[in-house]
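Student: Read off the chains here:
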Amino acid sequence: MKTATKVKTTGDATPNWDADPVLSVEHLTMRFGGLVAVGDLCFNVGRGDITALIGPNGAGKTTVFNCVTGFYKPTEGRIVMRHGPGRQDDAVEAVTASGLKWQSTNAGGVFLLERMPDHEISHKAKVARTFQNIRLFGGMTVLENLLVAQHNPLMVASGFSLGGILGLPSYKRAQQEAIDKAVYWLERTHLVERADDPAADLPYGDQRRLEIARAMCIGPQLLCLDEPAAGLNPRESAELNQLLKYIRDEHNVSVLLIEHDMGVVMEISDHVVVLDYGVKIADGAADAVKSDPKVIAAYLGVDDEAEIDVPEIRKDVAKVAAESDGATAAGSKKASARKAPAKARKPAARKTKAAAPAADTAFAQPLMATGAKAPAKRGTAKASARSQEKTSAKAPEKARAPKTAKAKTGTTGPAKTAAAGGAAKSAAAATPAKAKPATRKPAAKPAPAEASEIKIANSGDYPGKQPHGTRKPRAGGGNNLTRIKGIGPANEKKLNTLGTWHFDQIAAWKKAEIEWVGAYLSFPGRIEREEWVKQAKVLARGGETAFSKRVDKGDVPTSVPGRRGAQPKKTTAKGGKA
Amino acid sequence: MAVSGTKTPVAGPQGDPNSLQASIKDAAMAAFLAGVLGFFFIGIRTDIAPGGLDLKMRWGAWIISILIVFAGRLLLNLFVYKTRRPVTRNLSIGLSGSESRLAQAGKVLKWGLFAFALILPFFFTTFFPGRDRQFIDLAILIMTYIMLGWGLNIVVGLAGLLDLGYVAFYAVGAYSFALLAQYLDFGFWLALPLAGLLAATWGVILGFPVLRLRGDYLAIVTLAFGEIIRVVLLNWYEFTKGPDGISGIPKPTFFGLELKRGEGGFADFFGIAYDPIQRFIFLYYIIFILALITNFVTMRLRRLPIGRAWEALREDEIACRSLGINTRNTKLTAFAIGAMFGGFAGSFFATRQGFISPESFTFLESAIILAIVVLGGLGSQIGVVIAAVVMIGGIEMLRNLGFLQQVFGSGFDPVQYRMLIFGLAMVLIMVWKPRGLISTREPSAVLKEKKRIGADMVAQGEGH
Numbered sequence: 001m002k003t004a005t006k007v008k009t010t011g012d013a014t015p016n017w018d019a020d021p022v023l024s025v026e027h028l029t030m031r032f033g034g035l036v037a038v039g040d041l042c043f044n045v046g047r048g049d050i051t052a053l054i055g056p057n058g059a060g061k062t063t064v065f066n067c068v069t070g071f072y073k074p075t076e077g078r079i080v081m082r083h084g085p086g087r088q089d090d091a092v093e094a095v096t097a098s099g100l101k102w103q104s105t106n107a108g109g110v111f112l113l114e115r116m117p118d119h120e121i122s123h124k125a126k127v128a129r130t131f132q133n134i135r136l137f138g139g140m141t142v143l144e145n146l147l148v149a150q151h152n153p154l155m156v157a158s159g160f161s162l163g164g165i166l167g168l169p170s171y172k173r174a175q176q177e178a179i180d181k182a183v184y185w186l187e188r189t190h191l192v193e194r195a196d197d198p199a200a201d202l203p204y205g206d207q208r209r210l211e212i213a214r215a216m217c218i219g220p221q222l223l224c225l226d227e228p229a230a231g232l233n234p235r236e237s238a239e240l241n242q243l244l245k246y247i248r249d250e251h252n253v254s255v256l257l258i259e260h261d262m263g264v265v266m267e268i269s270d271h272v273v274v275l276d277y278g279v280k281i282a283d284g285a286a287d288a289v290k291s292d293p294k295v296i297a298a299y300l301g302v303d304d305e306a307e308i309d310v311p312e313i314r315k316d317v318a319k320v321a322a323e324s325d326g327a328t329a330a331g332s333k334k335a336s337a338r339k340a341p342a343k344a345r346k347p348a349a350r351k352t353k354a355a356a357p358a359a360d361t362a363f364a365q366p367l368m369a370t371g372a373k374a375p376a377k378r379g380t381a382k383a384s385a386r387s388q389e390k391t392s393a394k395a396p397e398k399a400r401a402p403k404t405a406k407a408k409t410g411t412t413g414p415a416k417t418a419a420a421g422g423a424a425k426s427a428a429a430a431t432p433a434k435a436k437p438a439t440r441k442p443a444a445k446p447a448p449a450e451a452s453e454i455k456i457a458n459s460g461d462y463p464g465k466q467p468h469g470t471r472k473p474r475a476g477g478g479n480n481l482t483r484i485k486g487i488g489p490a491n492e493k494k495l496n497t498l499g500t501w502h503f504d505q506i507a508a509w510k511k512a513e514i515e516w517v518g519a520y521l522s523f524p525g526r527i528e529r530e531e532w533v534k535q536a537k538v539l540a541r542g543g544e545t546a547f548s549k550r551v552d553k554g555d556v557p558t559s560v561p562g563r564r565g566a567q568p569k570k571t572t573a574k575g576g577k578a
Numbered sequence: 001m002a003v004s005g006t007k008t009p010v011a012g013p014q015g016d017p018n019s020l021q022a023s024i025k026d027a028a029m030a031a032f033l034a035g036v037l038g039f040f041f042i043g044i045r046t047d048i049a050p051g052g053l054d055l056k057m058r059w060g061a062w063i064i065s066i067l068i069v070f071a072g073r074l075l076l077n078l079f080v081y082k083t084r085r086p087v088t089r090n091l092s093i094g095l096s097g098s099e100s101r102l103a104q105a106g107k108v109l110k111w112g113l114f115a116f117a118l119i120l121p122f123f124f125t126t127f128f129p130g131r132d133r134q135f136i137d138l139a140i141l142i143m144t145y146i147m148l149g150w151g152l153n154i155v156v157g158l159a160g161l162l163d164l165g166y167v168a169f170y171a172v173g174a175y176s177f178a179l180l181a182q183y184l185d186f187g188f189w190l191a192l193p194l195a196g197l198l199a200a201t202w203g204v205i206l207g208f209p210v211l212r213l214r215g216d217y218l219a220i221v222t223l224a225f226g227e228i229i230r231v232v233l234l235n236w237y238e239f240t241k242g243p244d245g246i247s248g249i250p251k252p253t254f255f256g257l258e259l260k261r262g263e264g265g266f267a268d269f270f271g272i273a274y275d276p277i278q279r280f281i282f283l284y285y286i287i288f289i290l291a292l293i294t295n296f297v298t299m300r301l302r303r304l305p306i307g308r309a310w311e312a313l314r315e316d317e318i319a320c321r322s323l324g325i326n327t328r329n330t331k332l333t334a335f336a337i338g339a340m341f342g343g344f345a346g347s348f349f350a351t352r353q354g355f356i357s358p359e360s361f362t363f364l365e366s367a368i369i370l371a372i373v374v375l376g377g378l379g380s381q382i383g384v385v386i387a388a389v390v391m392i393g394g395i396e397m398l399r400n401l402g403f404l405q406q407v408f409g410s411g412f413d414p415v416q417y418r419m420l421i422f423g424l425a426m427v428l429i430m431v432w433k434p435r436g437l438i439s440t441r442e443p444s445a446v447l448k449e450k451k452r453i454g455a456d457m458v459a460q461g462e463g464h
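First to last, the sequence lines map onto chains R and G.
For the first sequence, full-length UniProt numbering gives the first residue as 1, with consecutive numbering after it.
For the second sequence, full-length UniProt numbering gives the first residue as 1, with consecutive numbering after it.
Bound-form chain R, shown alone (with noise of 0.2 Å):
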């Protein structure tokens, strides 16, 4: 295919995105007032690659697309544009260090686009951009729109006017170029026979064409397309991978998309990184990323179990647990209880409601849809390199541990180091944390516990520390942690597992143990904002908070009505003063 594709084959260790990065966003956070919308967000955009750039809404995927485009000015972070190969390391740092925008050399340049204004992100840096709400010059036809994005060269050749004004044939010919040029985008889009009608005219999905036809005409090095399926039927999806892949291909653009339709995200992308509340949880290689139990927690969210009562979804559900079976069966059993698939196969009979044990694994479901056909359809020398690598990877247990060592060798953060170090480090790690709540139990548990110690094997790499927990429940089985607003069957189930099984046991955490929980949940800061600990404490002095009362009356499809365990009584308030 090209030059890029090479390196990705052939390098063992480093991926092209990292090797040869078009883009650089490093350390980015942008803040709204209060508000966090995009915190510390380092990843790299491969030259010659489609990156997908997916997480949930209100992830920060957008606001992340106006830093690299301008738009938003970043609070911190550095965002590197790079024509010419390499990471130009040297290049990079000299222009930071010296306070210029950019600089452009014969091997290439380096463009600091957090220090640039918007249209000159699009003109120097070669940025071109589309937005979710499409926005075409509706009033102007499709060629003139086509003719606008191709402002500076015009402007140049019109002698900034004043030429143009005079009549001189060079704009004339520079003007006939441009239409040329513009014909030979709405060729590649299909729209050349609506070229003199006006934009507005058209129907959506031509209108999402003609805006990437847009943007190709300022002859972008890098493309940030906004949601470009969105609205789109099936075949114009389709068309629309086959546009992307043409222009990266044949133009050797490189493409950055923000996109929900896993789709086509998962048949087009080279690299995929995940957001979920303004951070990164996952980056690396679309099949690796898309089996990625954090992304499947956070992406599809993990008690939204209404979604799970579809009968397909069942099904899928049902047929994974049978693969994973096989998976487990050797893994240790820390290892495997965290993972998705592998609890999924027992609870079924278990649970009291059809539909909860199939939590887990319903989130999977329509990524593990996608990214089944994705190599398929693909094809290519590198997929199939790529997918080997992978395979082999996540081989035969699909542990959690090797799976985010891979996944985050794109980061720069202090997670990528302590996860190259290996099980040896983590485990190092974890022994502390597990040490100190040992300390604090009997200031934090009325009930006396069992001493036993729940290891998570990489527990180190999360911020925070690991509440302490109990191998077994108390006496009289543990409560219903349902009952608490945010939490579902699913992490109920995840919480057994750090062995927290009681009311008082998530009063008790602090803010460093609700650090580590949220890490380890795939869902930094959500405890805070659902208030589990005051809930907690509330339940476990035995009282009722509005949502339990909920759940009690069996108004809460997503979790299970009843009470289970010893049920606190009123009286025993005092453990839940943390």
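If you're looking for bench data, these hints aren't it; they were derived computationally from the structure.
We treat Cβ as the ideally placed atom computed from N, Cα and C, and that holds for glycine.
Only true hints are included.
Just so you have them, the derived chain R footprint on chain G, three or more residues with Cβ under 8 Å:
1. 295–306
2. 324–332
3. 437–449
Dumping the calculated PhoX-like pairs for lysine-lysine here, alpha-carbon to alpha-carbon at most 20 Å:
4. G:107 <-> G:450
5. G:448 <-> R:172
6. G:450 <-> R:172
7. R:510 <-> R:485
8. R:485 <-> R:549
9. R:126 <-> R:181
10. R:126 <-> R:245
11. R:511 <-> R:485
12. G:448 <-> R:181
Assemble chain G onto chain R, guided by the hints.
Tutor: Chain G only, in chain R's frame:
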């Protein structure tokens, strides 16, 4: 009473909405209502009588008003509301289909008007020898407003930046020439480009602060700037002579020849008889050429990247920025070029009047120029011409409504009603053509076939 017709004009297939009976019943109802409502308003009149008010019954007027309502409603029912073939049908079709026809007519009109404008002074001197001076003077006035309209059209129509203070640049141009002439003895032709440049500079200076403003805020701030310029001219007495104004502004010369009586004048040089009308004809051609230059430059700019950027800016500013267009410079260029033409026109105004004072540059002038642009259709050059002729010419023509006195009696003074009639006409035009007379947009670049773009597609920009 047998109900043979439905009450609503839109009847089902069973009902016969065309029935005479239904029409009469409806008209009778209307007449009854008119009678009830009109009894106190029309039927009774209070007069001041010794010792209080005196009630006087006016049965005649009351019955006549009822009959008028009855007859009017009956006719409307028979021919419009309750008939399958309303006489207004053709009218409404004509209105809805008028868009393309108007555009076609505009093309023919364009060259027709151009040809007429070219020979206009001689047309009037030939056919209206007694009133030629008045008509040519009016034509000069209209042409000045056409030029101003074309200048403002760049800012409002193309770039979509609502400018309520355009008269400021008109004032800058006029005062530039007047002051240059007074303090430095500049002639018209030397001062003209300087006046344009100064106005453009002021356009940039005033443009800077409003770059980030949108919508109503932009309109308010430009309005304020227009007033600031006028107030400064009014109060800087030492320099501008304030409300006294500047008089004795030199007349333009024809390649150094003054248009005056006697030795060394234009008539003397060419050996023709002196006639005061010559000066008017000369002034007319100056403003005609200036307006043509304005039009030519605007039309050329529309087809250049800068013009397309203006229109793109009107359509979507954010998309412009994403395409690498420097919106700041683009907006400033629009302000500057629009202001420059305003400055040229102001300079001409000064030389034509021979006397200027801040009184000439009130907000009303801005409003009239803007009304010309809006009435003509934002962005349409020929629309501005028609609107200027209608507005400026119309107001003047309404002064000569002597014939109305024969209709309404000698006590009727038509001049008092001209603004009323004019306002009514404006309302009617806006109801009929809410986006201006020529509201379609002509594309600036064509691949195969030129299609005009309907007004509903075209964005109006900021402040509308």
